[in-house]
Amino acid sequence: MMIDELSFAFSLVVSGLSIGLMYSLIALGFVLVYKATDAINFAQGEFVMLAGFVAAGVAAVEGMPILAAIIAAVAVMVLFSFALERVVLRPLLGRPIVAVIMATIGLGAILRGLPPLTVGGQTQSLSLPIGDEPFVIGPAVLPPIQVVGVIVSLLFLGAFTWFFLKSRMGVAMRAVADNQQVAMAMGINVQRYFALAWAMAGIVSALGGVIWGSMLGVDTHLALVGLKVFPVVILGGLDSIVGAVIGGLIVGVVESIAAGYLDPFVGGGTKDFAPYVLMIVMLMFKPYGLFGQRRIERV
Amino acid sequence: MFHREAGVFKTTYAADMALYPLPIARWAVAGVALLFAVVLPSLLHEYYLSIINLVLIAIVGALGLNILVGYTGQISVGHAAFMSVGAYTAANLAVRLDLPFWITLPAGGLMAALIGAIVGIPSLRIKGLYLAIATLAGQLIIEWTINHVPAISGGAQASIEVPRPTLFGTELKTQGQLYFFLLFFAALAIVATLNLVRSRIGRAFVAIRDQDIAAEIIGINIYRYKLLSFAISSFYAGVCGVLYTYYLGIANYEQFQIVVSIDYLAMIIIGGLGSVLGSILGAIFVTMLPIVIRWIVEGFGSYFFTASELAGVSSSARLIVFGSLIIFFLVVEPEGLNRLWRNIRNYFRVWPFSY
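Chains as they are written, first to last, in our numbering: chain A, 1 to 299; chain B, 300 to 654.
Hints are computed from structural coordinates only; laboratory data are not their basis.
The model shown is predicted, which means the values in this text are computed figures rather than measured ones.
A virtual CB, placed ideally from N, CA and C, is assigned to each residue, including glycine.
It cannot be assumed that every hint is accurate.
Said to hold, decoys possible - If we take Cβ atoms under 7 Å as the criterion, some of the chain A residues that face chain B in the derived model are: (1) Ile3; (2) Gly94; (3) Val98; (4) Ile101; (5) Met102; (6) Val119; (7) Ile188; (8) Ile234; (9) Val281.
As the list claims (entries may be wrong) - Covered stretches of chain B (chain A as the covering partner; in silico rule of three or more C-beta atoms under 8 Å from a C-beta of chain A): (10) 420–434; (11) 560–568.
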């Protein structure tokens with residue numbers, strides 16, 4: 001009995017950790033943009049959904065390798081992010097934060113409305129060639145897609161950490177994030193780094209779209225993954241990559257445990273509810289998150 | 300009597316704050332009142348009155364949200380949840396205790412104000428994006444709670460049927476009767492807001508919006524006023540929810556989901572932030588839009604889509620038009636329809652001798 005309890009808890013935690021890392025991947029797109037440009041993307045979930053639709057559309061063509069679908073998704077998302085920065089967000093520079101939030105909410109509405117009109121409302125499948133042999137760690141069983149998700153997430157989180165700490169461009173981007181005017185004075189092309197930040201967010205969303213799309217199926221509900229981004233980034237701190245990872249892991253484990261232990265009593269839905277309760281508590285006591293930089297406001 | 304001034308000649312604060320700056324304003328208000336109280340209800344068909352009823356309900360909600368977002372500068376993505384609090388409070392009181400609307404309506408508003416102030420507590424420490432996410436959390440948590448606690452939601456499908464409101468012994472059943480019921484509350488909300496924003500409280504709100512730290516330094520208790528703003532705004536939302544419940548005859552959480560919060564934000568952005576007239580114009584615009592889109596889709600949609608696809612088309616088209624309009628107004632005309640109206644008026648003020 002005791003052993004059963006423990007192994008149930010263990011498998012919940014393992015599954016939560018792997019899902020959590022996949023949340024981190026999507027949250028990374030949010031953090032990258034916020035860190036570099038101070039812009040807030042409430043349409044992150046819709047970005048992921050758009051990437052899923054592109055990948056599924058390309059993969060559905062006869063004889064198309066899955067790699068082509070992934071490359072297409074990345075390319076489209078990068079171009080889309082560029083265009084968004086140019087057309088919508090640049091005119092809003094210097095305006096109140098409410099304006100940026102509402103603009104991305106509006107963008108999200110457009111993106112959710114488009115697929116039913118163009119490719120139809122039915123769920124499309126997007127399968128990666130990874131077999132369906134589940135992966136077993138002790139008592140926990142992980143579907144292969146989650147393992148792929150974990151590997152891709154770790155790869156990218158590592159790559160971005162290296163990029164920001166060591167590469168010349170990464171250092172320049174940190175400078176832009178820290179103080180745009182000083183960065184400009186040091187000869188950094190700020191506009192270009194804004195574009196680069198959006199491009200990186202596009203890449204991350206594209207991969208998130210492929211992975212989440214092949215796990216859940218591609219339809220407009222895929223955008224709901226974006227609702228998990230907020231607890232992740234608030235817990236971790238809005239401008240911290242490490243925070244996005246830790247926040248993702250916490251949210252993954254919390255929702256997995258809540259779903260495992262509470263759902264039988266309250267009739268479902270705790271998965272979407274528990275992370276937000278945790279987030280509210282965090283906002284009350286430590287509003288800048290675990291790793292976020294505390295910003296001091298001056299009049 | 301019908302003249303307009305050719306410039307700003309105000310010499311006292313009282314003149315600057317007057318509700319009727321010129322005699323013509325009195326006549327305009329009287330004309331609009333006559334139009335709504337006598338002309339429209341006697342000329343229009345029930346169906347059109349039902350649309351106007353929806354607009355009247357939306358006006359109450361939009362005014363409330365504009366007090367919070369437009370005047371106090373605190374963002375809320377959870378307005379629809381406050382409406383649901385009001386709606387379910389009133390529905391429970393009306394069904395279980397058999398109370399009349401003149402008790403359930405303020406009770407729903409007060410309950411929403413209480414919950415709104417609680418959700419607003421984080422605004423004391425955080426603002427901007429953090430507050431947007433906190434209110435989003437409020438929306439999701441309230442939605443979940445109503446949906447999962449049968450004591451509130453009445454069990455099956457989380458919906459409660461409410462009896463029609465009765466006034467002096469008559470049941471308000473037809474759209475025409477409901478029209479006057481709703482018109483009264485919409486007018487009350489408009490007058491209350493107009494007076495609120497030119498009072499001490501309204502000016503404190505505007506000071507907090509423009510620079511909260513500076514406002515605190517000149518002696519405004521920003522904690523008190525931020526919470527007050529959340530409470531007042533949620534009171535409007537709660538009343539709006541109660542009115543909608545009486546209009547539909549049923550309280551259902553699906554009418555108060557996050558999409559509705561975004562609709563109301565769209566209303567005040569399209570109409571104009573920080574403006575009473577803007578809230579009204581935005582409420583009219585956003586309420587009419589889906590109806591117009593449905594007419595267009597029903598009229599022309601069959602040329603592009605098959606009958607089975609057509610059902611989803613108007614809701615998708617609505618999302619796209621909505622999103623585009625929000626972005627368009629934010630980028631091109633941040634002050635919304637209210638500004639467009641002012642531009643038109645200013646053009647004609649000196650017409651035909653503009654120079």
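Hint check results:
1. Ile3: Constraint on A:Ile3 not satisfied, violated at 32 Å.
2. Gly94: Violated: closest Cβ of chain B sits about 12 Å from A:Gly94, beyond 7 Å.
3. Val98: Result: holds, 5 Å to nearest chain B Cβ.
4. Ile101: With Cβ-Cβ at 5 Å, under 7 Å, it holds.
5. Met102: holds (6 Å)
6. Val119: Hint violated; A:Val119 Cβ to chain B Cβ min 11 Å, cut 7 Å.
7. Ile188: violated (25 Å)
8. Ile234: holds (6 Å)
9. Val281: Given a least distance of 10 Å, the restraint on A:Val281 is violated.
10. 420–434: holds (count 10)
11. 560–568: holds (count 4)
In terms of the numbered hints stated before, the structure departs from hints 1, 2, 6, 7, 9, listed from lowest to highest.
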